[in-house]
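*Asks:* Residue numbers (our numbering), protein chains in the order written: chain A, -12 to 186; chain B, -12 to 186.
Errors might be hidden in some of the hints.
Same chains, same label: a pair holds when it works inside one copy or across any pair of copies.
What the hints assert, rightly or not - Quick list of in silico lysine-lysine cross-link-like pairs, DSSO-like style, CA-CA up to 27 Å: (1) 170 - 49; (2) 146 - 76; (3) 76 - 170.
FYI, nobody ran anything at the bench for these hints, they're computed from the structure.
2 protein chains.
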Amino acid sequence: MDHLPTRYHIEPQTGTAFTVDRGQHIRIIDVEGEQVSDLVCFAAQDIGEYISSGHSIDYNQKICLTAGDILYSNRSNPMLTIAADTVGKHDFLLAPCSQEMFRLTYDITEPHPNCLDNLSRSLTPFGINASQIPTAFNIFMNVKLSEAGEISIRPPLSKKGDFIDLRAEMDLIVGVTACSALKCNNYRCTSIDVEINAT
Amino acid sequence: MDHLPTRYHIEPQTGTAFTVDRGQHIRIIDVEGEQVSDLVCFAAQDIGEYISSGHSIDYNQKICLTAGDILYSNRSNPMLTIAADTVGKHDFLLAPCSQEMFRLTYDITEPHPNCLDNLSRSLTPFGINASQIPTAFNIFMNVKLSEAGEISIRPPLSKKGDFIDLRAEMDLIVGVTACSALKCNNYRCTSIDVEINAT
Chain A
-12 MDHLPTRYHI EPQTGTAFTV DRGQHIRIID VEGEQVSDLV CFAAQDIGEY
38 ISSGHSIDYN QKICLTAGDI LYSNRSNPML TIAADTVGKH DFLLAPCSQE
88 MFRLTYDITE PHPNCLDNLS RSLTPFGINA SQIPTAFNIF MNVKLSEAGE
138 ISIRPPLSKK GDFIDLRAEM DLIVGVTACS ALKCNNYRCT SIDVEINAT
Chain B
-12 MDHLPTRYHI EPQTGTAFTV DRGQHIRIID VEGEQVSDLV CFAAQDIGEY
38 ISSGHSIDYN QKICLTAGDI LYSNRSNPML TIAADTVGKH DFLLAPCSQE
88 MFRLTYDITE PHPNCLDNLS RSLTPFGINA SQIPTAFNIF MNVKLSEAGE
138 ISIRPPLSKK GDFIDLRAEM DLIVGVTACS ALKCNNYRCT SIDVEINAT
């Protein structure tokens, strides 16, 4: 008998964390469109092994990862393979937004929802703290790079219902957000759905 | 009385680690030319705070950092300011070379000197292990990015005696290598000098 997929609904400007087994697929769905979702993951057997932008960019020999590409750990092991991708534009350069980012970049001093706090709160039950959260795979985030290497944040290319499918290449602890920043979500923070499938 | 600067000579394909106080300058010198040097650093007071490519790229709004730019920590604090730079081309995208990188990229299975091992060996006395070593600031490394986001490794632009000066913005534990890979050093691994100055 087939199992129904597990679903998580991530409210705007929040996050969640869960475990997946090797071989399971994680589908990250942009519910309304133009919404970024930060994803980090750790080996379930040893949280000293975690997703690494530096290794992933190195082994894929490119900064824009899409279907067929592999996200590697800091120990050079495959963690996630991008099995499907209806958008094709994600970021792997920038750190998760944080209270300090809002202060430094936007001069916001009052408390602001942010991906770093949402990831660390969700991952605390797994023994992971804020200092251990690496540069996230910023799904649907549209960062344009000029020839001189300057970055600019554009609205995501994702539309309502667009998704990316990630196949787990090892047992994982995964943290996912619906990003809290305004600019990268075209000034409208909306929700993200996550669906875990057996295959 | 002026103190003479502290000097470290890093033999080809090796590394070292040391502490610096806030306000001190670290000069990384390419002794013969075309030699990459990977640098990582940690807050001396708390090794949970470390250099972060994701934060540095975000706050500088560019991927190519040079004189006047600041290297930030994972807690959004300035760690190093680039006070001088005679080259102007460094990389902050790629992980330090490792035994696994040589296997995956070059099919080398026998032991090969590598920056990750050289950094982790040098940093072990400071309580830092291999899993805690982040994406390094790859001084003098010349990574070209195509319009499509593909990366290619080119010979460094640094010539004999070229240097970068980094001013410590907090007390730091610093790891530095003379990189062990062939391609990024134009197929000739040479040494790196480090000079620590009071100002």
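*Asks:* Please go over all the hints and tell whether each is borne out by the structure.
*Replies:* Hint-by-hint comparison with the structure:
1. Within a single copy, residue 170 and residue 49 get their C-alpha atoms as close as 25 Å, and across copies as close as 17 Å, so both meet the 27 Å cut-off.
2. In this assembly of identical chains, the alpha carbons of residue 146 and residue 76 lie at most 27 Å apart only when taken from the same copy (12 Å versus 37 Å across copies).
3. Taking the shortest Cα distances, residue 76 and residue 170 sit within 27 Å of each other inside one copy (16 Å), while across copies they are farther apart (29 Å).
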